[in-house]
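Given the sequences, and given the hints that come with them, work out the whole structure.
Quick mapping for you: the protein sequence lines, in order, are chains W and A.
1 is the number of the first residue of the first sequence in the working numbering; add one for each residue after it.
1 is the number of the first residue of the second sequence in the working numbering; add one for each residue after it.
To be clear, the hints were calculated from the coordinates, so they are not data collected in a lab.
Some hints here could point you the wrong way.
No distinction is drawn between identical chains; accordingly, a pair holds when it is met within one copy or between any pair of copies.
Listed next, the in silico DMTMM-like pairs over lysine to aspartate or glutamate satisfying Cα-Cα at most 25 Å (straight line) [said to hold, decoys possible]: (1) Lys-189 with Asp-156; (2) Lys-179 with Asp-137; (3) Lys-189 with Glu-253; (4) Lys-179 with Glu-224; (5) Lys-212 with Glu-225; (6) Lys-63 with Asp-285; (7) Lys-179 with Asp-156.
In this text, all values refer to a predicted model and were calculated from it rather than measured experimentally.
There are 2 protein chains.
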Amino acid sequence: MALLVVGTLAYDSVETPSGKADDVLGGAATYCACAAAFFGPVRLVGVVGSDFRPEDRRLLEDKNIDLEGLSITEGQSFRWAGRYVGDLSVAETLGTQLNVLEGYEPHLPASYRDSRFVFLANSPPALQSLVVDQVDDDAFKVMDTMNLWIDTTWDDLLAILKRVDMLILNDQEARSITKEHSLIRAGRKLLDFGPDLVMVKKGEHGAFLWSKDFFYAIPAYPIEEVVDPTGAGDSFAGGVMGHLAQAGEVTPEQLRRAMIYGSVVASFNVEDFSLNRFRQIERHDIDARYQEFLGFIAHP
Amino acid sequence: MALLVVGTLAYDSVETPSGKADDVLGGAATYCACAAAFFGPVRLVGVVGSDFRPEDRRLLEDKNIDLEGLSITEGQSFRWAGRYVGDLSVAETLGTQLNVLEGYEPHLPASYRDSRFVFLANSPPALQSLVVDQVDDDAFKVMDTMNLWIDTTWDDLLAILKRVDMLILNDQEARSITKEHSLIRAGRKLLDFGPDLVMVKKGEHGAFLWSKDFFYAIPAYPIEEVVDPTGAGDSFAGGVMGHLAQAGEVTPEQLRRAMIYGSVVASFNVEDFSLNRFRQIERHDIDARYQEFLGFIAHP
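Structure representation (structure tokens):
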């Protein structure tokens with residue numbers, strides 16, 4: 001089934017210990033959509049400026065991403081500049097220019113409204129709610145968020161959390177929402193905020209999944225050298241959602257497979273800047289690493 | 001088969017966000033031996049002072065730990081004082097008194113020399129070599145180490161690394177020996193120092209195992225509240241070694257089981273100060289948590 005991804009497309013300028021990249025394609029929805037596109041059809045909703053480069057549009061088209069929901073607005077695309085130092089786990093934001101994001105509201109093309117799997121990439125919670133208004137009640141709706149919304153739009157965040165089926169976020173955000181230092185307590189407590197499923201991304205340390213009925217943990221696929229962690233979390237979410245949409249069902253077994261796919265797809269993404277690795281690899285590369293990963297985590 | 005554990009017994013004074021404990025039983029060999037004793041017979045070699053309390057000796061005896069190798073020397077037992085702040089991953093040492101450790105050399109009782117499984121808890125590398133001199137060449141020999149020896153007795157450390165079959169150490173020590181920031185590279189590189197197996201403990205983030213032929217990763221057993229992390233790594237090693245000695249063979253399958261047992265035993269240990277949790281639990285508690293853990297890490 002087609003996966004609907006709603007969120008930002010961006011031009012990023014990124015500096016890491018491995019080097020730098022200026023004005024390269026990025027954005028949460030871009031990473032997620034490209035990651036998910038390895039698994040099946042993806043519909044993308046977001047906005048770019050008139051500066052959006054033809055070769056970047058071509059990348060999305062080559063991945064068979066449906067761009068009917070992509071708005072092109074006079075002006076500059078959203079821009080983010082950041083730097084990673086030390087252990088690469090936290091980005092230092094050097095600058096943000098909202099540009100065409102300012103005042104943008106996501107409107108779904110009529111053909112997208114039957115989407116059964118919906119991913120709301122990190123955006124203002126009020127905009128995420130606007131998307132939920134436009135899809136079927138029984139679509140499987142998943143959201144990410146960030147500290148900015150926890151700090152500035154708490155009530156909106158509480159409202160959207162009641163309307164989604166799964167929350168995907170990082171460990172630090174999980175602690176921040178619940179005010180719990182213990183991640184194990186935080187994860188379980190997040191279930192009380194609304195979602196039936198809570199998936200916590202821990203970067204190089206893997207991921208946890210909580211539901212009322214089960215808990216699941218994976219390490220991360222081991223990567224020798226992380227070149228650029230930008231988009232790792234969104235790629236992880238893309239792998240998770242891409243697999244679930246392709247499977248067409250959300251069972252404990254499929255969720256486990258989805259987490260492993262998420263980790264594998266993210267492991268490719270961090271091996272180069274921007275979406276460069278996603279340009280090079282194909283589905284069989286993901287499947288090969290998936291099989292290898294099963295060996296790493298197998299138990300007798 | 002009996003496991004031989006050689007290393008320090010101590011009285012610790014520990015402060016954590018959950019509280020404090022003064023002059024309580026501790027020491028790497030103590031934690032390791034008590035953890036391993038859940039699995040089978042353990043022989044202990046180390047030294048304590050004449051202040052060693054009868055109730056602490058009784059704990060070891062109640063666990064069926066063979067104390068023929070325990071030296072009692074006139075004077076005070078080794079003492080360590082430390083404090084954990086923030087995320088509990090690193091102890092700040094407030095004080096160390098070597099006391100009876102000063103000048104101590106481990107000598108194995110004749111009845112210990114046939115030990116097939118040997119764990120050299122963190123000690124000066126020269127003393128670890130002295131133990132290896134006293135056991136069979138084909139015993140399965142495993143060592144831990146710490147930054148102090150990496151910084152001060154590098155050549156001795158290189159020498160003992162060539163004489164053991166497995167190295168168990170934490171992520172920061174692995175990076176420090178290899179001067180590699182990437183843990184994945186560090187783990188593999190450690191194989192070149194001598195051991196056939198390298199097991200890296202990552203605290204709440206689980207553990208990795210490298211050999212020339214395979215790689216294995218587990219998350220940690222999820223603990224809601226860590227009361228005192230002291231001895232977690234030694235308990236982990238005790239679970240690993242206890243299981244291997246009981247299994248009587250070192251195969252990839254047994255090593256995987258051993259890591260899970262290590263994680264489970266360590267998860268109990270951190271739930272209270274000193275060895276308090278080990279006083280309360282029995283083997284069936286470990287097996288119950290082991291089975292639960294298998295569910296957490298199962299994959300389809």
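Structure-based check of each hint:
| no. | hint | in the structure |
| --- | --- | --- |
| 1 | Lys-189 with Asp-156 | within (19 Å within a copy, 49 Å between copies) |
| 2 | Lys-179 with Asp-137 | neither (30 Å within a copy, 54 Å between copies) |
| 3 | Lys-189 with Glu-253 | within (23 Å within a copy, 36 Å between copies) |
| 4 | Lys-179 with Glu-224 | between (33 Å within a copy, 14 Å between copies) |
| 5 | Lys-212 with Glu-225 | between (36 Å within a copy, 20 Å between copies) |
| 6 | Lys-63 with Asp-285 | within (15 Å within a copy, 51 Å between copies) |
| 7 | Lys-179 with Asp-156 | within (18 Å within a copy, 47 Å between copies) |
In summary, the structure is inconsistent with hint 2 from the numbered list given earlier, while agreeing with all the others.
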